[in-house]
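Using the sequences and the hints, build the whole thing.
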Amino acid sequence: MRFIPVSCEDRESMLRAVGCPNVESLFDSIPDSVRLHGGLDLPDGLSEMEVDARMRGLAGANVAATSLVSFAGAGCYDHYIPAVVDHILRKPEFFTAYTPYQPEVSQGTLQSIYEFQTMVCELTGMDVANASMYDGATAFVEAGLMAARVTRRHRVVVSAAVHPEWRQVLATYAAAGVLEVVTVPTAAGVTDASALTAVLDDSVAALMLASPTFYGTLEDLASMCAAARAVGALAIVAIAPALSAVLEPPSVHGADIVVAEGQPLGNPMSFGGPGIGLFAARDMHLRQMPGRIVGRTVDADGTPAFVLTMQTREQHIRREKATSNICSNHALNALAASVYLSATGVAGLEGVGRACVAKAHYLRERLLATGRFEAPWDTPFAHEFALVSKIHATKLQGSLLGAGYLAGVRAADISGFEPSDLPDIDRTDDLLVFAVTEKRTRAEMDAFVQEVASL
Amino acid sequence: MYPADLKYDTEHEWVRIDGDVVTVGISDYAQDHLGEVVFVDLPAVGDTVTAGDTFGEVESVKSVSDLYSPVSGEVVKVNDALDGAPETINDDAYGAGWMIEVQLSDPLELDGLMSAEEYEAFIASEA
Amino acid sequence: MTEQLAHTPSIAPARGPRQLIFETGSLESRCVEVPALDVPSASMEEMLGGRVRQTALALPHVTEVEIARHYAHLASMNFGVDTGMYPLGSCTMKYNPRLNEDAVRLDGFAGMHPSQPVSTSQGALALMAGLADALAEVSGLPAVTLQPAAGAHGELTAIMVFRAFHTANGDPRTRVIIPDAAHGTNPATVSMCGYEVTTIASDASGGVDMDALRAALDTDVAALMLTNPNTLGLFDPNITEITSAVHAVGALAYCDGANLNAIMGKARPGDMGFDAMHINLHKTFSTPHGGGGPGAGPVCVTEALAAYLPGPVPVRDGDVFALEWPEHSIGRVRGSHGNFGVMVRAYAYILALGGAGLREASEQAVLSANYLKSRLRDAYDVPYDRPCMHEFVLSGARQRRDFGVRTLDIAKRLLDHGVHPPTIYFPLIVDEAIMIEPTETESLADLDRFAEAMLSVAAEAAATPDLLHGAPYTTPVRRLDEVRAVKQPDLRWRPRT
Chain A
0 MRFIPVSCED RESMLRAVGC PNVESLFDSI PDSVRLHGGL DLPDGLSEME
50 VDARMRGLAG ANVAATSLVS FAGAGCYDHY IPAVVDHILR KPEFFTAYTP
100 YQPEVSQGTL QSIYEFQTMV CELTGMDVAN ASMYDGATAF VEAGLMAARV
150 TRRHRVVVSA AVHPEWRQVL ATYAAAGVLE VVTVPTAAGV TDASALTAVL
200 DDSVAALMLA SPTFYGTLED LASMCAAARA VGALAIVAIA PALSAVLEPP
250 SVHGADIVVA EGQPLGNPMS FGGPGIGLFA ARDMHLRQMP GRIVGRTVDA
300 DGTPAFVLTM QTREQHIRRE KATSNICSNH ALNALAASVY LSATGVAGLE
350 GVGRACVAKA HYLRERLLAT GRFEAPWDTP FAHEFALVSK IHATKLQGSL
400 LGAGYLAGVR AADISGFEPS DLPDIDRTDD LLVFAVTEKR TRAEMDAFVQ
450 EVASL
Chain B
0 MYPADLKYDT EHEWVRIDGD VVTVGISDYA QDHLGEVVFV DLPAVGDTVT
50 AGDTFGEVES VKSVSDLYSP VSGEVVKVND ALDGAPETIN DDAYGAGWMI
100 EVQLSDPLEL DGLMSAEEYE AFIASEA
Chain C
0 MTEQLAHTPS IAPARGPRQL IFETGSLESR CVEVPALDVP SASMEEMLGG
50 RVRQTALALP HVTEVEIARH YAHLASMNFG VDTGMYPLGS CTMKYNPRLN
100 EDAVRLDGFA GMHPSQPVST SQGALALMAG LADALAEVSG LPAVTLQPAA
150 GAHGELTAIM VFRAFHTANG DPRTRVIIPD AAHGTNPATV SMCGYEVTTI
200 ASDASGGVDM DALRAALDTD VAALMLTNPN TLGLFDPNIT EITSAVHAVG
250 ALAYCDGANL NAIMGKARPG DMGFDAMHIN LHKTFSTPHG GGGPGAGPVC
300 VTEALAAYLP GPVPVRDGDV FALEWPEHSI GRVRGSHGNF GVMVRAYAYI
350 LALGGAGLRE ASEQAVLSAN YLKSRLRDAY DVPYDRPCMH EFVLSGARQR
400 RDFGVRTLDI AKRLLDHGVH PPTIYFPLIV DEAIMIEPTE TESLADLDRF
450 AEAMLSVAAE AAATPDLLHG APYTTPVRRL DEVRAVKQPD LRWRPRT
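Chains as they are written, first to last, in numbering that gives the first Met the number 0: chain A, 0 to 454; chain B, 0 to 126; chain C, 0 to 496.
Keep in mind that the hints were calculated from the coordinates and are not lab data.
Accuracy of the hints is not assured; some may be wrong.
Unchecked claim - Cross-link-like lysine-lysine pairs, in silico, BS3-like; alpha carbons within 25 Å at most: (1) K486/C to K61/B; (2) K61/B to K320/A; (3) K486/C to K90/A.
Stated by the list, open to error - Computed list of chain B residues with no C-beta within reach of chain C, every gap over 12 Å: (4) D4; (5) D17; (6) D27; (7) D46; (8) T47; (9) S59; (10) V60; (11) E73; (12) V77; (13) N78; (14) A80; (15) A84; (16) P85; (17) Y93.
Just so you know, even glycine gets a beta-carbon here, dropped at the ideal spot from N, CA and C.
Pasting the structure below:
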């Protein structure tokens, strides 16, 4: 047993010290009726070499998006990850550490989180950020729950342009009895402003939006946030963090809570997890925020140092009255995001944003030129766009996969999507959402377009 | 430690009686157990409080305690100074650390509260 | 220190505070840059419809070497499992095998997009199905969702499943019973699911008080949430009576799986009558804690509850794997499929240990805890003194009463002895609690080293209590001013304007 560094002799001496004849007797408090006498029905253990082979075999049975030319996005993006990121993540002092409850020996984790919180505040334009949530979807839902606490209202209005999975998570939490959710349909790929007016009233805790939307389109955040404010509701906006250097942050338009899926910042796609939920808010709502928060203070010698703070909000102290039940978060993914943003800096992130936006616009124009697609709308977008395939979308994707391409994500394949989300689109079954990151070259895109044209 | 002119309840609040308006705070025993108070959440003027129900919260770095109203009535004054200086509750529990003033709706409730002597005996029995 | 030595430059990495990364490097410093744009492009203003960022953005401006040095310095101020024994009760800080770290980085795993066609994700789905099967076997509960991102998230998922089950039976019920020794996540979860918490006291031996349980049980009760072995490290000998009493009123029994490391291959929550449990892959199955996460909190349930699990779940049809939605699924509790990267590590761990290896891990974890308890029982109070499982709880009440030394002081002084302190002040039902979980991956020498440190500190508490009040002295920073952190919140750096 290579992970148990106790010899047989040591075990005997430990048993003697305990005063027990054998290990079995230590389990005497377990009633015989529930003892597992036959042992677990699992295969025998394997050597490291065998495990390595098995894991490589499983990995090899996949065709990773990174081994294809991928235009799949829909919340999970294939951005370049600088080499230095993983080298930092592999430091055992970071990845084998626990939650920094003993600050005297956790300053590395604590300072990195303080820096992370700062970066999230900078990207979103908000005052305060927490140490991370599980992912974008749960951060989004927690924002809705927080708005309910702040406003003492229980109804949230969510735009149908928000990622269908996120809305599905919101509906699942709501069904547990703590929120009521009203969905506003889209018009031209963004929130239908007139439908929104009809449902916003002073019973609404929050208006919940995404910009860019699931379809890549950009909302008119100024008027949306103003509409929320007019009825005393909070404005919650989900953003695409990789575009934060090129897109105006929602704070400018009066957003009260900004959330995001932070995977694009230095985290591999990893089949969709672990990513990281970014969560930022205004100072005035600090006490209603979920999750851990790190603060800077001083130690007994007056030396600046960092510590988990505002902990009375959290479950280990406030229990059933806590702002959330979250305990473990995604600290290591937050570290990846911090190192990523340190590596890019403003100039690098701006370069990423520009490249994604420019290449997405290039590809959309070229794809439309093939005549194989119709544009469902002409709304401004960023690095992701929707097109309606004139031929059966699944067939089109299948053919292109054979040629080595992931031809976007079909909206109808995403759980939670309903055709009624897009009342002005007839053939939602054939709606494809394409994402373009800075990793895609013109040569790849041109070859892809040629492949599409040849279908 | 426990001024004789005040009355106390079993949740460690004190009241100072002035006609049918009383001032409410927490006892020295309570503040000592809490440790340094870092945040206090109080009702607004005009809110109604009910004897035995919570009227706010007081926090130290790693604990939260409910504040229970010893009396029923309407809040007529709130110690806003505690917002910026919650540690006043530690420094001067019976003076500047007061929390709210309540216009009593049922002055007879005061009869159910403890004298300083009774309160001291109560604390001793709890320990 | 002699004068000469004092002037000898140290080659050890600097410990102690470091400037923020924002204050490092010159303004023109760069690390990675994006290649020159290779497509024709309109202006950003035009493409983004006038939404181009005008707000100033401040991010670090550093070269790669400055990043390397910054994080090397930060790392030097951290304690991890690789640094030494990390005996946090309830946290199962076992060693994190390195092969698993390599496996998760294989392109065939790390490079997978969650919306890829299932024909291209057969390996990933096979891994998920294999992990789910193994967890079902370990828990004795046949149906599994791998979606929850953490233990608390698993609790939430399970209570949502319970609510859906009760609702389908025409009565969602109103209350959930939780013993007073429970983790804070339990009551917080219950509130998020719209239930009220009924807290019941533990009995004199640290188990569920059967009279209190029976008194609290009625047809308004949706569930009991119980950690077993409990947070005192004790297996509840009445477990089958407890789950039977819960079922008798139509309620469901939930097992908080935080302490599964005690009983793998020895007993299964499903066989004890539990209807659901969550499993912390980042505790029991060796995936790293990452300074706070990510973890994963799969939930295992009975056949009767399987139809309510969140979707999608991986299913096997012969040699082919697919994703399916359970018939009455509560929906979805997060995006995508779960923390797949954590699942990869946990599955590699299970393959390495096998069934017998998992049992052996639990056996050693339990023996190591009992051994440590035997070494410390004279120096500290043992409030519930019977054979423990994988962890045990001491009390520093004696040290506080006799010497004015609090458990916090003991914990801080342990840092000066070079060991990480145990969990303190939990469970709440033990005065000055010190909760110790060594795990199976500590050698006898390391267990002894920890015991010696605990004994030394107990002796110091008696002889020089003030020494403990001021501890620690040798750590990168000293005791923190937490009051100031709350009263003058400094939660982010701000650029100089």
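Consistency of the hints with the structure:
no.	hint	result
1	K486/C to K61/B	holds, 13 Å
2	K61/B to K320/A	holds, 14 Å
3	K486/C to K90/A	violated, 34 Å
4	D4	holds, 32 Å
5	D17	holds, 32 Å
6	D27	holds, 19 Å
7	D46	holds, 24 Å
8	T47	holds, 24 Å
9	S59	violated, 8 Å
10	V60	violated, 5 Å
11	E73	holds, 29 Å
12	V77	holds, 20 Å
13	N78	holds, 17 Å
14	A80	holds, 14 Å
15	A84	violated, 9 Å
16	P85	violated, 8 Å
17	Y93	holds, 22 Å
The structure shown violates the earlier hints numbered 3, 9, 10, 15, 16.
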